[in-house]
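Colleague: Using the sequences and the hints given, assemble the complete structure.
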Amino acid sequence: MTATLVKEASPPAAAGAGNARRRRRRGPVVALLFVLPALLLLGALVVYPVLFSVGRSFFDASGTRFVGGDNYTEMFRDPATLKAVCNTAIWVVVAPTLLTGLGLVLAVLTEKIRWATAFKLLLFLPMAVSFLAAGIIFRLAYDEDPDKGVLNAAVVSVHDAFEGTSSYPTARARDGQGMTKEADGAYRTGAGVSPGDTVALGLVGVLPGDLPGGAEPAYRAAGQKAGPGELRGVVYLDFTPGGGGEQGRVDRQESGLPEMAVEAVRDGGTAATATTASDGSFRFEGLEAGSYTVRLPASNFAPPYEGVSWLGPALVTPAIIGAYLWIWTGFAMVLIGAGLSALPRDALEAARMDGANEWQIFRKITVPLLAPVLTVVFVTLVINVMKVFDLVYIIAPGPVQEDATVLATQMWLVSFGGGNDQGLGSALGVLLLLLVVPAMVFNVRRFRRSQR
Numbered sequence: 002m003t004a005t006l007v008k009e010a011s012p013p014a015a016a017g018a019g020n021a022r023r024r025r026r027r028g029p030v031v032a033l034l035f036v037l038p039a040l041l042l043l044g045a046l047v048v049y050p051v052l053f054s055v056g057r058s059f060f061d062a063s064g065t066r067f068v069g070g071d072n073y074t075e076m077f078r079d080p081a082t083l084k085a086v087c088n089t090a091i092w093v094v095v096a097p098t099l100l101t102g103l104g105l106v107l108a109v110l111t112e113k114i115r116w117a118t119a120f121k122l123l124l125f126l127p128m129a130v131s132f133l134a135a136g137i138i139f140r141l142a143y144d145e146d147p148d149k150g151v152l153n154a155a156v157v158s159v160h161d162a163f164e165g166t167s168s169y170p171t172a173r174a175r176d177g178q179g180m181t182k183e184a185d186g187a188y189r190t191g192a193g194v195s196p197g198d199t200v201a202l203g204l205v206g207v208l209p210g211d212l213p214g215g216a217e218p219a220y221r222a223a224g225q226k227a228g229p230g231e232l233r234g235v236v237y238l239d240f241t242p243g244g245g246g247e248q249g250r251v252d253r254q255e256s257g258l259p260e261m262a263v264e265a266v267r268d269g270g271t272a273a274t275a276t277t278a279s280d281g282s283f284r285f286e287g288l289e290a291g292s293y294t295v296r297l298p299a300s301n302f303a304p305p306y307e308g309v310s311w312l313g314p315a316l317v318t319p320a321i322i323g324a325y326l327w328i329w330t331g332f333a334m335v336l337i338g339a340g341l342s343a344l345p346r347d348a349l350e351a352a353r354m355d356g357a358n359e360w361q362i363f364r365k366i367t368v369p370l371l372a373p374v375l376t377v378v379f380v381t382l383v384i385n386v387m388k389v390f391d392l393v394y395i396i397a398p399g400p401v402q403e404d405a406t407v408l409a410t411q412m413w414l415v416s417f418g419g420g421n422d423q424g425l426g427s428a429l430g431v432l433l434l435l436l437v438v439p440a441m442v443f444n445v446r447r448f449r450r451s452q453r
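For reference, each letter of the sequence shown is one residue, going 2 to 453 in our numbering.
Bear in mind the hints are in silico, worked out from the structure with no lab data behind them.
All residues carry an ideal CB built from backbone N, CA and C; glycine is no exception.
Each statement offered as a hint is correct.
Derived BS3-like pairs: lysine-lysine, alpha-carbon spacing no greater than 27 Å straight-line:
# : residue 1 : residue 2
1 : Lys365    : Lys121
2 : Lys365    : Lys113
3 : Lys388    : Lys84
Label-pair ranges, simulated between beta-carbon atoms:
#  : residue 1 : residue 2 : range
4  : Pro50     : Ala315    : 28 to 38 Å
5  : Leu344    : Ala81     : 38 to 48 Å
6  : Ser342    : Leu40     : 29 to 39 Å
7  : Val159    : Pro345    : 39 to 49 Å
8  : Gly418    : Leu43     : 27 to 37 Å
9  : Phe417    : Leu46     : 15 to 25 Å
10 : Ala299    : Gly177    : 16 to 26 Å
11 : Met128    : Glu217    : 54 to 64 Å
12 : Thr118    : Pro50     : 38 to 48 Å
13 : Val68     : Pro345    : 57 to 67 Å
Modeller: Below is the structure:
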């Protein structure tokens, strides 16, 4: 009876084992079918372009003649490419270091404030802005014209608050009216004057609308007589609104030029100084007898301070890195903040109970425990800055494009931006790939170790 039951049960058991084997064999096939579309896209968008670029880098600009490693040799002989490599090195060293440091400091500080979530949101918002839009924003912010660039507007405002500015940058003496221009931009009377004389110094080149507020007509001041030991004069705008008047003579409708520095010069030295009144009049008192020259210093005609040339050859790369920091600081802060929230609080509290201050806790406990997170953030940013293109291409003006170029922009310029040498451009692309791959491998291994 038992044997009969075993024989009757054997066929279903064997069938179940066969079904299990078929399912195991069918499992990889089903998985491959699901993964196949992604593999096809990966091959078409990543693998094929990489292989094609490697092959293309061994051909000339036309793509018809095999040149071997000539493109790679030419790449390191080209000054523009060497400049791009140098700038890329600056980016790799400076940008990730600053971003990681800023992210760490901000992540720690946001734990101390009440509105931490709102603060993180504000710092993370620039990540929602495309690099194209961010480049346009900072191109305008860095504009050298203070009327357009917000940074130079602030710099000029601070400078003028402490240094002051000239009221007559466009003023000049009329030719043939007795005043000569010196090498430094100052003006002086051609003939000597003595105490008791009155001089009229006419200038042109100032629009009536640009005169300082409170400027008065100079006619009455020009008619005043100088007393003993006194030298009088008037500095006026030798221009009559509506036409008319006589050149070199103070007419009734001509305005004085107030707040202008005037010097009485004798034997190469300044004997006295004065500042013109609202009607342009000035006077020197207590002068010794003798011949003097009246001089209008160059400071009266100094051009206005225009601010900093942010996008000049010297500062264009730091300026673009500043725009990059604005975009990515929130990213670094959020990642580091996530690692900071996972730190064991008992270690921090134990350190405080042992008498450690906040700086000691930060330096000896927080930073060492966050080292894995900081490394991942730093390497991720290194990979990102090696490929930076948009900001450099948009922010840097044409004349300084070569001073700001990095490998990504140089690759585009050589291939499509006028160079039309896709062989050399492909070699640059391969170089960029070789620089990025080690950092990517390091990051992947880091992730795998952290998962284990």
